[in-house]
Each structure stands twice: as C-alpha cells, then as structure tokens.
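*Asks:* Residues per chain are reported as follows:
Protein chains: 2
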Amino acid sequence: MPVKSSLTMKNSAVVLLSGGVDSSTTLAIAKEEGYCLYALTVDYGQRHALELEAAAKVAAQMGVEKHLLVRTDMRGIGGSALTADIDVPKEGIAKGIPATYVPARNTIFLSYALGWAEVLKAPNIFIGANVMDYSGYPDCRPEYLKAFEDMANLATKISVEGKLMFSIKAPLLQLSKADIIRKGLELGLDYSLTWSCYDPAPEGKPCGRCDSCRIRAKGFEEAGAKDPLVE
Amino acid sequence: MPVKSSLTMKNSAVVLLSGGVDSSTTLAIAKEEGYCLYALTVDYGQRHALELEAAAKVAAQMGVEKHLLVRTDMRGIGGSALTADIDVPKEGIAKGIPATYVPARNTIFLSYALGWAEVLKAPNIFIGANVMDYSGYPDCRPEYLKAFEDMANLATKISVEGKLMFSIKAPLLQLSKADIIRKGLELGLDYSLTWSCYDPAPEGKPCGRCDSCRIRAKGFEEAGAKDPLVE
Chain U
0 MPVKSSLTMK NSAVVLLSGG VDSSTTLAIA KEEGYCLYAL TVDYGQRHAL ELEAAAKVAA
60 QMGVEKHLLV RTDMRGIGGS ALTADIDVPK EGIAKGIPAT YVPARNTIFL SYALGWAEVL
120 KAPNIFIGAN VMDYSGYPDC RPEYLKAFED MANLATKISV EGKLMFSIKA PLLQLSKADI
180 IRKGLELGLD YSLTWSCYDP APEGKPCGRC DSCRIRAKGF EEAGAKDPLV E
Chain E
0 MPVKSSLTMK NSAVVLLSGG VDSSTTLAIA KEEGYCLYAL TVDYGQRHAL ELEAAAKVAA
60 QMGVEKHLLV RTDMRGIGGS ALTADIDVPK EGIAKGIPAT YVPARNTIFL SYALGWAEVL
120 KAPNIFIGAN VMDYSGYPDC RPEYLKAFED MANLATKISV EGKLMFSIKA PLLQLSKADI
180 IRKGLELGLD YSLTWSCYDP APEGKPCGRC DSCRIRAKGF EEAGAKDPLV E
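Chains as they are written, first to last, in numbering that gives the first Met the number 0: chain U, 0 to 230; chain E, 0 to 230.
Keep in mind that the hints were calculated from the coordinates and are not lab data. Hints may be right or wrong, so weigh each one.
Identical copies go unnamed one by one, so any copy, or any two together, can satisfy a pair.
Said to hold, decoys possible - Only pairs whose alpha carbons sit at most 30 angstroms apart, straight line, appear in this in silico BS3-like list of lysine-lysine:
{"no.": "1", "residue 1": "K89", "residue 2": "K162"}
{"no.": "2", "residue 1": "K145", "residue 2": "K120"}
{"no.": "3", "residue 1": "K145", "residue 2": "K162"}
{"no.": "4", "residue 1": "K9", "residue 2": "K225"}
If we strip away everything but chain U, and leave its shape as in the complex, we get:
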C-alpha cells in the first residue's frame, strides 16, 4: 500500500460494503464527501453470496483505493436464517426482529473495520445502518453506533496513545429507502451492480419475496425509479 501523508489519511475512510443498496449508497456518499475510500467486505458464509460479487463491482465503479475481502465463517455460530438452516421469511414483512437478524453481525463487521482503520490510520468508519425502513435490527440504532464508537476509542493503540479518534458515520441513518435510492441515483451509482435478495434462485435471480427484495422494490417504487435488476 502506498505511504500517504498524515493529512491524506485523516481524510481516509473504511466503508463497510456488502454490495446491497444501503452500503453501496453509503460508499457513493463517502466518495462525494471527498474521502479516500477503503472498502471492506466480509464473506461470512452468508446464504446470499452473490452480494460478494456485487460488492466487488460497486467498489470498482466507485474507484476505491483498495477493496479488502475478509473471510470468516459465522455458520458455526448460527442463529440466523442467513447463516443457519432456518428458512428465510417470504410471506411479507412481519413485526419484530426478523429471522434474518444475524447475532452480533454489525459488531463483528465494525470490529474488522476498526482493525483495518487502525492499520490505515483512517479515522472514519462508514456503515450503511438505517433505522427507517427496517427498524428491527438492534445494531442499526444510533445509541448502538455511539456505544461502538466509545468502545472503539478505548480499544485501540492509536486512540489510547492520543493519536487518532475514530468516528462511526452512518449517513443513511434517518433516510427512507426511497431517499437512499434517489441519493444514489443522483450520485451516479449504478444499482444494476448491487444485490439485495437474501435467497436467490439457483439461476441467480432475486426471489422477489424475501424482506430484502420487498423493501428494495418498495424503495424503487417510491423513488419513482426502475430497479435495473427487475425485468
């Protein structure tokens, strides 16, 4: 990795990128804000591994400095329809926290982002957390993100030595899915590169029925835009 001046690194950001609508739009926003971009994708043994290819395509479109894929395996931990042998709900969005919730997923992802950010001396960590259209996930709420930031600044050598404080940034936090999509389109993000479906058909088409497909469809509809993934 090329050596950067400390001034440049202050403007660097690690962006968690799953390849879905939210994280891809977050990356586009971080780019618009002028950050030098380091995209981090976690392959955690998820059912919808197609999103890993989407992440690589989006990272390339956005011209990131580096795209790091961290491989891990959360299937041993289980407890989620995305990592264990539990059906993905397809009957519509139910109340409460859905079966696709993955225990501690954002905490694990943010922890990797923190480790990389410390190595890069990048003070900014972006995550596409959003409370509006999908309020069920506890690890998408502002109080959680603040607690993670507080913990992060006690966890790292660079912070404890007073050289750098980390900031967790979640620019989508209060946006609706329609607002997110409008913003991404405005920034030139190509949503045909993204992937949302939790449970794709064998031929690699979105199922159209899981929560993630439903939320995506509603978002495009309300944004008055056509989803390039849907024929």
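Model the placement of chain E on the given structure of chain U, informed by the hints.
*Replies:* Leaving out everything else, chain E in the frame of chain U:
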C-alpha cells in the same frame, strides 16, 4: 445442541480460549465457578497456530459442553507481528505497546463470543484479559471491557428485548502471571497442554525469547513451579 432449560442457560458461559496460559486458566476458573462451558477459539491466521491445538486439548481436559473454532483471516488487515510480515521482538520486553499487538483483536474475538452467546442465550462471556504483567494492550483494560459490555447490551436482539443482559467477565484482570499459574495449578489445569510462544521453531518448540515466552518463564519462576513445556 441439546435444549437446556432457561435456568441452566443462565449459568452458561462462552469462554474465549486461545490455548495460552491466561485463557486456559480463565476456563479453569469458570469451570470451578460452576458454569456450563462453551469454549470459543478463533483461528485468525496467527503465526503461532500451535495454540489452536493447545486450545482443543485444554477444552477437552476441562470437559467443555462444546468447543467452537471460528476461522477468519486477519492477515489482510495486517499491522501486527502476529499476522503480518513483521518480526516478533525477541530482545526483551520493551516499553510501550509491542509489535505483537493485533489491531482490534479482542474486539473481534469478543464480538464472535457475543454472537454465540446470544444464540446460546448464555449471559456470561469470559476473557483472559490481564493488566498486570502485560499492561501494553489497550483492549485488556477494565474501561475497555466495560465499554464493550455496554455496547453489547445495545447490540443484540436478546438484550434489546429485555430478555438477557450480557456480562463480560475477566477474572485474571488484576492477577500477576505467577498468581494466574498458582491458581491454575490449584485447579488442576495441565499447563503441558497450553501454548504461549509467538514464534515457535519449526520443530514446534517454544523460542524462549519472545515476550510471551519471557512472561511465561517469569510467571512459572515466581510461582515456584516448573513449566512442563520446558525441558
């Protein structure tokens, strides 16, 4: 995994187990305290992979309910003598945070433990963090552990729904290495099963010169005991 009554699960603990002296003694203490034990070991591409075998042996000796190995790869993140192409210091213990510090390692490990603890409904997470003999690591300090605990209780479905609060337990926090070893011997822990060396020789012998070997040797000496790994 057998279904347990909620009473039993309240007495369950996820114990982070690297196979070294500290985490193995922590496991022995959790066993003595009567917890039902779930040991979690992370294979993170560390230089000293011998500790993974040690962890399996210690888990077996302690009669854990389950031993889970999570594979990940932190070499892409780098920044440490344990995961990147940086020499392990061997000239004696220097001041400051050593090169063997792995960015965000305890945060990543505790995050996996949290995910598994949520699935198991186990409120206790044990970690062998210790500030006495190795005060350099920021993510071994009590203020860090408290911040992680606060974050954990905002991160998880089970906590947010008010069903369970997580407690991070670090029984070695204020013990010297000699006290830790005395305690482990008292509890019947077989230290010949453990592994400490950061940079073992090809034939699988401790190098005797890295910080971890030095701290272990000093601990055994001060405890008035013989290290079964040293001939």
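*Asks:* Next, verify each hint and record whether it holds.
*Replies:* Evaluated hints:
Taking the shortest alpha-carbon separations for K89 and K162, only the inter-copy value of 27 angstroms comes in at or below 30 angstroms, while the best intra-copy value is 48 angstroms. For the identical chains of this complex, K145 and K120 are neighbours both inside a copy (20 angstroms) and across copies (25 angstroms), given an alpha-carbon limit of 30 angstroms. Taking the closest pair of Cα atoms, K145 and K162 come within 30 angstroms of each other both inside a single copy (20 angstroms) and across two copies (22 angstroms). In this assembly of identical chains, the alpha carbons of K9 and K225 never lie at most 30 angstroms apart, being 38 angstroms within a copy and 50 angstroms across copies at closest.
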